[in-house]
Amino acid sequence: MSDLILDPAAHEQGLGTAELFVEEIPPLTALATRAGLDVVAAADWPEPGDEELPKLAGFVHSSFNPLVAATAGRCLQRRAESAPPAVTAIVLVTSTGDAASAAHVAGAVDAGGRIGPLFFFQSVPNAVAGHVAAKWGLTGPVVCVDSTDAGLDVARLLLADGDAGEVLVVLLEQATVPEAITGTSHDTASAVVVVERGTA
Amino acid sequence: MTATMTVRRGPGEVVLTGAAVLSAFGRGMTALADGLDAGTPAFQPVDRFDVTGRRVGVAAAMPGSPVLADELVRVVDEACDEAKLSTAERAGAPLFLALHGDPALARVAEADRRRHSSTAFTAALAGGTGLAGDLPLGAGIRAYTSACVAASTAVADAAAAIARGELDRIVVAGGYLVDADQFSLFDAGRALSTDGQVRPFSDGRRGLLLGDGAGAVVVESATAARERGVPALARLAGWGRAGDAYHPCQPHPEGHGLARAITAALQRAGIGAGDLGYVNAHGSGTAQSDAAEATALRTALGEHAATVPVSSTKSLHGQALEASGVLELIVTLHALRTGRLPVNAGFLAADEHCPLNLVLDGFTAATPSYALSLNAAFGGANTALLVGSA
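If you read the protein sequences in the order shown, they are chains C and P.
Note that the working numbering has the first sequence beginning at 299, numbered continuously upward.
Note that the working numbering has the second sequence beginning at 60, numbered continuously upward.
Bear in mind the hints are in silico, worked out from the structure with no lab data behind them.
Note that CB positions come from ideal geometry on N, CA and C, so glycine has one too.
A few of these clues could be false.
[As the list claims (entries may be wrong)] Partial selection, computed: residues in chain P whose CB lies under 10 Å from chain C:
id, residue
1, P122
2, P125
3, Y203
4, Q241
5, F242
6, G302
[What the hints assert, rightly or not] Where chain P lies over chain C, by a calculated footprint (3+ residues, C-beta under 8 Å):
id, stretch
7, 337–346
8, 454–461
Could you build the full structure based on these sequences and the hints that come with them?
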């Protein structure tokens, strides 16, 4: 996506360390800009130098929840410290949710086995969104949708109607190569913090 | 301290012009209305799948094994027919669908998961009901997977877009049918009531029970509906959604997010708490959640929280997860249109942490001008939908 050009206004406001990776602009950043939003912070997982995804206490089995938490946290850390306090919404974009955990639960159910209680707590994508919201004090709406277009449109309306002053959008991308073949997850995530154009 | 903002909305009036439903009481509005009026909970031993070894074996499920995709087609078709949408109007209307996911997803090969994404499932429903066909790819269909606020969030987002004049109408649907996987997860999480009943806001409440639910509503611009000569079932007068920022799956003990969602809905409707005639509560029947909700109602409604009639109809039809928002919006619509406020079943004794005016002795006759439908979910997500007489 190196042919995509950042919105000049957004660029002036700074994208934190994401500026270091202008040659590899995350598609989410470009799409948010195209949707008429100003991007005030952006992050990916993985980024150059990333190795092992940090574990996330209370969440087990798959990379889904740790990916959301790591990417969201990285993105939120890149917001300008001088930014005024604002109500922040979180919009999580995932087309399948945590399919690996769902498959594990289905296998246990079909075998008549016991299911660990932690799988209950992580059975919906809202749970990790709530983890991120609690850790970072995000008091805006919590929304999970299936596509980037939908997520950015939800964000746009929440900002326009004053439900939030900024929106953290986190996109989970399922790997095209199944984990079963490579033995490891190649799922990736991108995140942006967006505000109404011209308000940053 | 929690940051607050002043909410806004577009100037357009938003109405509901079609509604259709499935619940544990059966298919259709008449079955649901009869069940609500009778006030007898629909909880029965589960025979849809094996519950051997589970702590609990009860849910509010229809007989047999209904298929989610088929039931969603039926409710969407019915709602669109009630709204008298032409073929062309259907093709121009987006579909917002609230669901946990494609029920097949967890059992397909990993390489096939994309074909069973929520997007693919929603696209198939749109195709099967003639919705969104004329809209650009990506603009016409959307899936909401935000757990127990999925459907209510979809309704709020639809209302926001229509009030701003961006669209004439959006069809919002939601569906959850009691299944072995979610049942087992809730059982493992010790969330299910162990005495066979759901007792919202009551002393001695023991938790929730799952229930079947599917519903669809046509959310429309009042102007567009008038121009088509289609009567409104009710006005969607206000809406609000806010987060607790507290815990992955527990509500804020003082219901901070829910209180702000209610306040936002009242502000958008331009009414005061004293104008409310009924609250269909989230009322899951769990100890913490009900107490938090009662506190949220006190915060948002002030002294009126002690007098406005409140019931949680989860005590009758169960917890329909992602479909709750649309099922309970339709229950609220029933209360508003018939003046019969459904009972808060399962009540044993007052809980000092829930000082509410619960509807306890069968359905109560009333003439509410405004009624509120509340939902809360994992992640500290909260919604409030406010309907007003047409």
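Now for the hints, and whether the structure bears them out:
For P122 of chain P, the shortest C-beta to C-beta distance to chain C is roughly 22 Å, which exceeds 10 Å, and the interface hint is violated. For P125 of chain P, the shortest C-beta to C-beta distance to chain C is roughly 19 Å, which exceeds 10 Å, and the interface hint is violated. Among the interface hints, the one on Y203 of chain P holds; its C-beta lies about 6 Å from the nearest C-beta in chain C, closer than the 10 Å criterion. The criterion of a C-beta within 10 Å of any C-beta in chain C is met by Q241 of chain P, whose closest approach is roughly 7 Å, and the hint holds.
Taking 10 Å as the C-beta cut-off, the interface hint given for F242 of chain P holds, the closest approach to chain C being about 9 Å. The restraint placing G302 of chain P at the interface with chain C holds, with a minimum CB-CB distance near 5 Å, inside the 10 Å limit. Given a C-beta distance limit of less than 8 Å, the hint that chain P covers the stretch 337–346 of chain C is violated, as 0 residues qualify and 3 are needed. Check result for the stretch 454–461 of chain C against chain P: holds, 5 residues qualifying (beta carbon to beta carbon below 8 Å, three or more required).
Taken one by one, the earlier hints fail for this structure at numbers 1, 2 and 7, listed in ascending order.
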